[in-house]
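Visitor: Residue strings, one per chain:
Protein chains: 2
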Amino acid sequence: MGDEKVMVGREEKNLKLKDKNNDLSSFFKPESVAIIGSLSQSWFGGLVILNNLLDWGYSGGIYLINPSYDEVHGVKVYPNIKGLPEIIDLAIIMAAARQVPSIVKDCTEKGVKAIIIVSDGFAERGENGAKLQREVVETARRTGIRILGPNTVGTVNTTTGLVTSPYPIGSKIKRGNIAFAAQTGLISPTGLNYGDFGYKISKICDFGNKCDVDEIDLIEYLADDPETKVIAMEIEGIRDGRRFLDVARRVTKKKPILIFKPGRTKESARALMSHTGSLAGDKKIYESAFKQAGIIQVNSLRELLEITKAFSYQPIPKGNRLGIITITGAGGAMATDVAIESGLVLAKLSVETNEKLYEIHPSLVGNPSDVGQIAGMGIPPYREVIEAMLNDVNVDCLLCTLQGMIPAEYYLQTLNEIKKPENKPITFWVFGPGSDGIDQIYFELENNGYPAYLDIESAVRALGAMCQYTKIQRRVKDGRRTQ
Amino acid sequence: MGDEKVMVGREEKNLKLKDKNNDLSSFFKPESVAIIGSLSQSWFGGLVILNNLLDWGYSGGIYLINPSYDEVHGVKVYPNIKGLPEIIDLAIIMAAARQVPSIVKDCTEKGVKAIIIVSDGFAERGENGAKLQREVVETARRTGIRILGPNTVGTVNTTTGLVTSPYPIGSKIKRGNIAFAAQTGLISPTGLNYGDFGYKISKICDFGNKCDVDEIDLIEYLADDPETKVIAMEIEGIRDGRRFLDVARRVTKKKPILIFKPGRTKESARALMSHTGSLAGDKKIYESAFKQAGIIQVNSLRELLEITKAFSYQPIPKGNRLGIITITGAGGAMATDVAIESGLVLAKLSVETNEKLYEIHPSLVGNPSDVGQIAGMGIPPYREVIEAMLNDVNVDCLLCTLQGMIPAEYYLQTLNEIKKPENKPITFWVFGPGSDGIDQIYFELENNGYPAYLDIESAVRALGAMCQYTKIQRRVKDGRRTQ
Numbered sequence: 001m002g003d004e005k006v007m008v009g010r011e012e013k014n015l016k017l018k019d020k021n022n023d024l025s026s027f028f029k030p031e032s033v034a035i036i037g038s039l040s041q042s043w044f045g046g047l048v049i050l051n052n053l054l055d056w057g058y059s060g061g062i063y064l065i066n067p068s069y070d071e072v073h074g075v076k077v078y079p080n081i082k083g084l085p086e087i088i089d090l091a092i093i094m095a096a097a098r099q100v101p102s103i104v105k106d107c108t109e110k111g112v113k114a115i116i117i118v119s120d121g122f123a124e125r126g127e128n129g130a131k132l133q134r135e136v137v138e139t140a141r142r143t144g145i146r147i148l149g150p151n152t153v154g155t156v157n158t159t160t161g162l163v164t165s166p167y168p169i170g171s172k173i174k175r176g177n178i179a180f181a182a183q184t185g186l187i188s189p190t191g192l193n194y195g196d197f198g199y200k201i202s203k204i205c206d207f208g209n210k211c212d213v214d215e216i217d218l219i220e221y222l223a224d225d226p227e228t229k230v231i232a233m234e235i236e237g238i239r240d241g242r243r244f245l246d247v248a249r250r251v252t253k254k255k256p257i258l259i260f261k262p263g264r265t266k267e268s269a270r271a272l273m274s275h276t277g278s279l280a281g282d283k284k285i286y287e288s289a290f291k292q293a294g295i296i297q298v299n300s301l302r303e304l305l306e307i308t309k310a311f312s313y314q315p316i317p318k319g320n321r322l323g324i325i326t327i328t329g330a331g332g333a334m335a336t337d338v339a340i341e342s343g344l345v346l347a348k349l350s351v352e353t354n355e356k357l358y359e360i361h362p363s364l365v366g367n368p369s370d371v372g373q374i375a376g377m378g379i380p381p382y383r384e385v386i387e388a389m390l391n392d393v394n395v396d397c398l399l400c401t402l403q404g405m406i407p408a409e410y411y412l413q414t415l416n417e418i419k420k421p422e423n424k425p426i427t428f429w430v431f432g433p434g435s436d437g438i439d440q441i442y443f444e445l446e447n448n449g450y451p452a453y454l455d456i457e458s459a460v461r462a463l464g465a466m467c468q469y470t471k472i473q474r475r476v477k478d479g480r481r482t483q
Numbered sequence: 001m002g003d004e005k006v007m008v009g010r011e012e013k014n015l016k017l018k019d020k021n022n023d024l025s026s027f028f029k030p031e032s033v034a035i036i037g038s039l040s041q042s043w044f045g046g047l048v049i050l051n052n053l054l055d056w057g058y059s060g061g062i063y064l065i066n067p068s069y070d071e072v073h074g075v076k077v078y079p080n081i082k083g084l085p086e087i088i089d090l091a092i093i094m095a096a097a098r099q100v101p102s103i104v105k106d107c108t109e110k111g112v113k114a115i116i117i118v119s120d121g122f123a124e125r126g127e128n129g130a131k132l133q134r135e136v137v138e139t140a141r142r143t144g145i146r147i148l149g150p151n152t153v154g155t156v157n158t159t160t161g162l163v164t165s166p167y168p169i170g171s172k173i174k175r176g177n178i179a180f181a182a183q184t185g186l187i188s189p190t191g192l193n194y195g196d197f198g199y200k201i202s203k204i205c206d207f208g209n210k211c212d213v214d215e216i217d218l219i220e221y222l223a224d225d226p227e228t229k230v231i232a233m234e235i236e237g238i239r240d241g242r243r244f245l246d247v248a249r250r251v252t253k254k255k256p257i258l259i260f261k262p263g264r265t266k267e268s269a270r271a272l273m274s275h276t277g278s279l280a281g282d283k284k285i286y287e288s289a290f291k292q293a294g295i296i297q298v299n300s301l302r303e304l305l306e307i308t309k310a311f312s313y314q315p316i317p318k319g320n321r322l323g324i325i326t327i328t329g330a331g332g333a334m335a336t337d338v339a340i341e342s343g344l345v346l347a348k349l350s351v352e353t354n355e356k357l358y359e360i361h362p363s364l365v366g367n368p369s370d371v372g373q374i375a376g377m378g379i380p381p382y383r384e385v386i387e388a389m390l391n392d393v394n395v396d397c398l399l400c401t402l403q404g405m406i407p408a409e410y411y412l413q414t415l416n417e418i419k420k421p422e423n424k425p426i427t428f429w430v431f432g433p434g435s436d437g438i439d440q441i442y443f444e445l446e447n448n449g450y451p452a453y454l455d456i457e458s459a460v461r462a463l464g465a466m467c468q469y470t471k472i473q474r475r476v477k478d479g480r481r482t483q
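Here the protein sequences come in this chain order: H and S. By this note's numbering, the letter at position 313 of the first sequence is numbered 313, and the numbering carries on one by one without gaps. By this note's numbering, the letter at position 283 of the second sequence is numbered 283, and the numbering carries on one by one without gaps.
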């Protein structure tokens with residue numbers, strides 16, 4: 001069964017008759033969109049896509065296609081895409097799987113540039129579905145049209161208000177510089193509470209069954225996307241290892257790529273097989289490939305979200321020497337454990353810095369510096385301690401612990417006043433007895449470009465990942481020098 | 001320096017002149033409390049303790065002791081504990097470290113049963129402090145009085161309203177069956193938002209420098225505490241390995257003990273040394289000791305909180321065969337990865353169960369069962385799927401994924417209606433696009449005894465830990481049988 005699928009993959013490659021259109025911009029910046037298929041009243045379908053697009057302020061043309069309707073809610077419905085008065089950049093197909101191959105053909109005849117097949121019932125559902133998927137791929141290969149999916153919730157572009165998810169979306173995602181891609185609808189705005197994470201997104205892409213557009217195509221596209229600073233991906237399998245390595249190696253020189261890959265165990269690899277009809281592959285092969293390509297591998301979806309945001313907000317450090325500001329001895333030890341395990345070292349503070357800390361209070365001397373020992377005297381001298389640590393030549397990055405009982409405004413004002421050197425990222429662990437206070441500090445920080453965390457491990461791991469990227473970039477430079 | 005401290009430990013043992021009072025109940029159920037020392041207006045100190053006790057409804061006698069005051073806020077202040085009109089069960093000392101030895105002596109003369117030394121400035125602050133700590137220990141050994149601390153925020157008992165933290169506490173912690181202990185004030189109600197976690201507590205204890213009362217004493221006490229079902233601990237070092245093993249082995253037969261131990265790296269072990277003046281020790285020795293003692297070791301404070309609550313709410317399973325209800329293929333694979341890594345196996349559903357699932361919808365067949373594939377048709381048939389999985393003889397425990405867009409009431413009603421077999425724990429991963437919906441589902445579940453998680457890994461690891469405890473208990477039984 002597994003080998004058979006791989007064969008399908010090879011077969012697909014041999015079908016390549018026309019050069020692919022390598023510009024994916026029609027998936028993210030279409031001037032017009034056609035929604036083809038399901039228009040029934042449901043919490044899922046074409047009408048939901050229409051509503052989402054209108055809600056998010058997408059300003060391009062939107063057309064509805066379904067032969068069974070003349071209009072819905074006063075909006076004209078066309079029987080076929082070929083009858084549309086306008087050239088269509090992007091078609092979103094929500095029809096039954098068996099109808100999809102002929103709809104795709106119609107799209108190619110109309111000159112559509114990109115197709116998102118939302119429908120499921122393809123390779124993930126056995127041989128009949130796989131056959132339909134092959135038909136679609138044949139058309140794509142023959143005509144050069146690009147296809148995302150099937151079995152996908154499609155794309156999001158926060159700049160243009162494009163959102164193709166067929167599920168309702170509660171809130172608009174904040175515009176930012178993180179591109180998020182995955183082989184699952186989990187990363188759609190219906191799946192994750194990006195807005196509440198303080199997460200700021202440039203683009204989202206769900207590959208679905210990735211019959212055509214895959215993670216490599218997207219990495220290539222995002223490499224040149226000025227709105228994207230960091231690329232975060234969940235991928236379950238890579239079809240073309242050699243091309244992946246080539247492309248990723250080139251892109252990681254200029255933008256960090258973080259990847260979470262489920263399917264580490266043979267049991268889960270089997271589960272993924274039935275999910276997108278693709279092979280998950282061997283854990284060690286992937287780990288080694290990611291390492292070679294300069295990709296930062298993380299261990300969970302949550303880690304992917306949490307580590308990526310540090311790259312989004314903060315500068316890349318020059319080295320791996322960590323300063324820790326803690327409120328408890330245990331917190332300092334917990335941070336140190338994760339730091340060492342993440343490839344960081346504890347910074348040895350300079351004599352000057354320790355003198356500065358001593359002057360504030362003798363118990364502050366050293367790294368970790370424990371402001372909790374003087375907490376009984378009032379609000380700890382965060383400003384002075386952060387400034388002293390951050391401006392030490394021996395400190396490359398800083399973890400700062402914040403107590404949730406102190407008002408958010410105090411922290412924000414303090415942080416804004418501090419003279420922050422370039423290239424020194426800082427992350428924050430916020431803890432305390434009440435969620436309200438913690439939440440407020442969390443959001444104020446995030447909204448002002450400071451990555452906040454509710455557990456100390458993530459706050460440290462984020463800095464570890466940034467230092468890993470420093471090494472990746474250095475390796476690239478050293479490599480060039482020796483060439 | 002390290003060796004010297006160990007010597008101090010040995011020396012202390014030789015000082016044991018009078019049998020210790022092994023009953024720690026005066027630390028948790030004192031009929032009267034004396035607060036000795038600092039009464040200044042501050043966000044930290046004796047007046048804060050007084051307010052906390054009154055806020056939480058502690059109904060025993062409360063006395064203030066400080067020679068510089070006659071009264072504060074209309075409350076009489078006594079110059080010395082010896083002058084009090086009543087026998088005192090528990091003294092809470094907040095005085096300067098150098099005054100503490102003589103205050104402790106006064107307490108012994110008054111017949112106080114237990115002392116919490118909140119003050120810092122002892123072994124954690126070098127040789128002068130260590131000397132003061134030794135004086136205190138000598139008195140304790142000579143008289144049999146028990147001492148918690150120094151450098152501690154003390155204890156909490158949610159049943160009696162006892163709370164000795166010198167920091168303000170926002171909200172009352174819910175009463176429950178989890179005992180939480182640590183060598184750090186982080187676990188005090190000022191440090192963690194227990195209430196917001198849905199966390200229900202019986203007792204909290206911070207050992208501080210543990211000059212006398214230590215984790216072993218507490219485990220012995222909690223073993224017989226009818227209000228405690230599960231014991232969660234952060235410990236940084238163990239003083240008496242042999243006794244620890246003896247006691248823990250005995251207690252884990254009847255109650256699960258979960259431990260998080262920071263200080264895994266030599267760098268963090270050094271940090272801990274300066275924090276409580278105790279040695280953190282070798283990672284592998286501890287791991288092996290915990291395993292021998294039947295203790296469940298976890299890797300972070302967050303994991304300690306999240307895994308413990310499953311033990312608090314749910315029954316211990318009979319085996320390690322996991323059923324998974326997912327909404328996405330990727331979620332199923334992510335859960336499977338963590339399950340296998342946590343010692344679980346994927347349950348092979350019985351023919352009957354698969355037939356039941358097939359009748360609901362063919363795409364539901366198998367484990368993981370993916371209700372997401374029919375999400376387009378409306379709210380997934382959670383009731384039927386959970387009931388079918390949970391009542392399968394091949395399923396020992398269940399992970400269920402909940403979509404945050406579905407109203408909390410729907411889930412709660414569904415769960416309450418389901419016929420749940422005994423001994424089959426269930427955990428929930430709640431995800432979705434908006435925090436409000438997620439939070440509501442989370443709290444409704446937790447308030448009704450269903451452990452909810454915001455990441456799938458924790459939801460699975462909790463079940464893995466419960467199955468680990470099943471094995472620990474089985475080992476004990478098998479051991480008996482062969483003896």
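Since the hints were made in silico from the structure, they are not lab data. Cβ atoms here follow ideal geometry from the backbone N, Cα and C, with glycine treated the same way. Check each hint, because a few of them may be wrong.
Each computed DSSO-like pair below joins lysine-lysine, with the alpha-carbon atoms no more than 27 Å apart [unchecked claim]:
(1) S/471 with H/266
(2) S/356 with H/471
(3) H/266 with S/110
(4) S/266 with H/318
(5) S/174 with S/420
(6) H/131 with H/29
(7) H/348 with S/283
(8) H/284 with S/284
(9) S/348 with H/283
(10) S/348 with H/266
(11) H/348 with S/266
(12) S/356 with S/318
Simulated DEER-style distance windows between Cβ atoms [what the hints assert, rightly or not]:
(13) H/378 with S/374: 53 to 61 Å
(14) H/422 with S/73: 47 to 55 Å
(15) S/168 with H/443: 21 to 29 Å
(16) H/243 with S/168: 53 to 61 Å
(17) S/168 with H/348: 31 to 39 Å
(18) H/96 with S/417: 29 to 37 Å
(19) H/240 with S/443: 56 to 64 Å
(20) H/348 with S/87: 22 to 30 Å
(21) H/243 with S/351: 55 to 63 Å
(22) H/348 with S/67: 23 to 31 Å
(23) S/73 with H/362: 31 to 39 Å
(24) H/443 with S/87: 46 to 54 Å
(25) S/413 with H/68: 30 to 38 Å
Here are some chain S residues pointing at chain H (derived, C-beta under 10 Å) [stated by the list, open to error]:
(26) 168
(27) 192
(28) 236
(29) 260
(30) 327
(31) 332
(32) 340
(33) 343
(34) 378
(35) 381
(36) 423
Visitor: Of the hints stated earlier, which fail here?
Guide: 2, 3, 6, 19, 20, 21, 22, 33, 35 and 36
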